[in-house]
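Protein chains in written order, with this note's numbering: chain A, 115 to 271; chain C, 115 to 271.
Because the hints were derived from the structure by calculation, they are not lab data.
Possibly wrong hints are sitting among the right ones.
[Said to hold, decoys possible] List time: in silico DSSO-like cross-link candidates among lysine-lysine, alpha-carbon distance up to 27 Å:
#1 C:Lys209 - A:Lys209
#2 A:Lys209 - C:Lys195
#3 A:Lys195 - C:Lys209
#4 A:Lys187 - C:Lys187
#5 C:Lys239 - A:Lys239
#6 A:Lys239 - A:Lys195
#7 C:Lys195 - A:Lys187
#8 C:Lys187 - A:Lys195
Values in this document were obtained by computation on a predicted structure and should not be read as measured data.
2 protein chains.
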Amino acid sequence: MNQSVTDRTHASRLFTSTILTIQRSPAIIPRLGFAQHYYQTFDADRGQLGPLYNDNYSMLNFEHSASRPAQYKGSAAIVDKLRSLPFSRVRHDVKTCDCQPSPNGGVVVVICGDLYVDEEQMPQKFSQTFQLMPTEAAGLAPGSYFIFNDIFRLNVG
Amino acid sequence: MNQSVTDRTHASRLFTSTILTIQRSPAIIPRLGFAQHYYQTFDADRGQLGPLYNDNYSMLNFEHSASRPAQYKGSAAIVDKLRSLPFSRVRHDVKTCDCQPSPNGGVVVVICGDLYVDEEQMPQKFSQTFQLMPTEAAGLAPGSYFIFNDIFRLNVG
Numbered sequence: 115m116n117q118s119v120t121d122r123t124h125a126s127r128l129f130t131s132t133i134l135t136i137q138r139s140p141a142i143i144p145r146l147g148f149a150q151h152y153y154q155t156f157d158a159d160r161g162q163l164g165p166l167y168n169d170n171y172s173m174l175n176f177e178h179s180a181s182r183p184a185q186y187k188g189s190a191a192i193v194d195k196l197r198s199l200p201f202s203r204v205r206h207d208v209k210t211c212d213c214q215p216s217p218n219g220g221v222v223v224v225i226c227g228d229l230y231v232d233e234e235q236m237p238q239k240f241s242q243t244f245q246l247m248p249t250e251a252a253g254l255a256p257g258s259y260f261i262f263n264d265i266f267r268l269n270v271g
Numbered sequence: 115m116n117q118s119v120t121d122r123t124h125a126s127r128l129f130t131s132t133i134l135t136i137q138r139s140p141a142i143i144p145r146l147g148f149a150q151h152y153y154q155t156f157d158a159d160r161g162q163l164g165p166l167y168n169d170n171y172s173m174l175n176f177e178h179s180a181s182r183p184a185q186y187k188g189s190a191a192i193v194d195k196l197r198s199l200p201f202s203r204v205r206h207d208v209k210t211c212d213c214q215p216s217p218n219g220g221v222v223v224v225i226c227g228d229l230y231v232d233e234e235q236m237p238q239k240f241s242q243t244f245q246l247m248p249t250e251a252a253g254l255a256p257g258s259y260f261i262f263n264d265i266f267r268l269n270v271g
């Protein structure tokens with residue numbers, strides 16, 4: 115990866131649809147905007163999540179195991195996986211959202227919550243870890259973030 | 115943060131006590147060694163975890179909330195918090211451990227599992243996200259990793 119990322123504050127918008135958080139610190143931006151935007155999009159039409167990922171850098175682990183490999187790289191492969199999940203209705207109920215600054219302008223975001231699918235009344239507990247990186251890190255126009263790391267787990271069993 | 119980290123493979127040891135993984139890829143090293151080492155140390159004597167953190171860079175969120183702030187920076191403050199946790203016996207039963215490479219030689223590690231404290235027979239579900247960075251990133255001797263980000267959550271309620 116040829117990244118020429120410098121350490122500087124990214125007090126700019128997270129995504130086009132969540133511009134409210136301009137001028138806030140990078141640790142605060144995703145807390146306010148990212149989780150809400152991500153799960154609203156996921157629950158409405160998860161096929162629309164592609165722009166939040168990057169074609170070259172983004173990685174998803176989705177309940178990955180040696181016996182059922184589920185690691186994906188690049189926006190297209192990630193969205194294909196999300197589209198293929200075997201439910202039609204889904205709702206994420208976010209219970210906690212923790213953020214920490216990470217090196218080179220990144221932000222680690224950890225979400226825990228309840229997941230409701232289709233007709234199920236009983237939620238499943240999930241945890242999902244994102245690392246967001248500034249768009250400059252991928253050679254894109256500055257001022258936004260993309261998902262570099264995405265690790266999803268049901269916390270069961 | 116003045117980091118002059120370059121992108122290169124860190125196929126070296128994770129910690130002194132887990133040298134078995136020399137020559138493996140950085141995504142594999144922590145899967146094999148880190149979680150085991152971290153939780154064995156935590157469960158035996160969590161006061162000994164200090165060397166895995168860095169005085170200047172490491173951050174811990176431990177069940178942080180606005181009403182009960184619990185964010186710590188630096189090895190000493192982090193270990194003080196861990197020591198102060200109100201239990202004497204503890205056991206982490208790791209169910210899943212996911213790793214992804216992150217920018218500039220880092221590794222994101224997400225662990226989900228069961229936590230047993232004192233006399234409790236019923237485990238509590240937990241998830242813990244670490245971002246490990248090469249020791250060079252903190253100006254230390256190369257060849258190892260330290261915990262840059264640590265976010266702990268009980269996945270309940």
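task = Check each numbered hint from earlier against the structure, then list the numbers of those it violates in ascending order.
result = Violated: hints 4, 7, 8.
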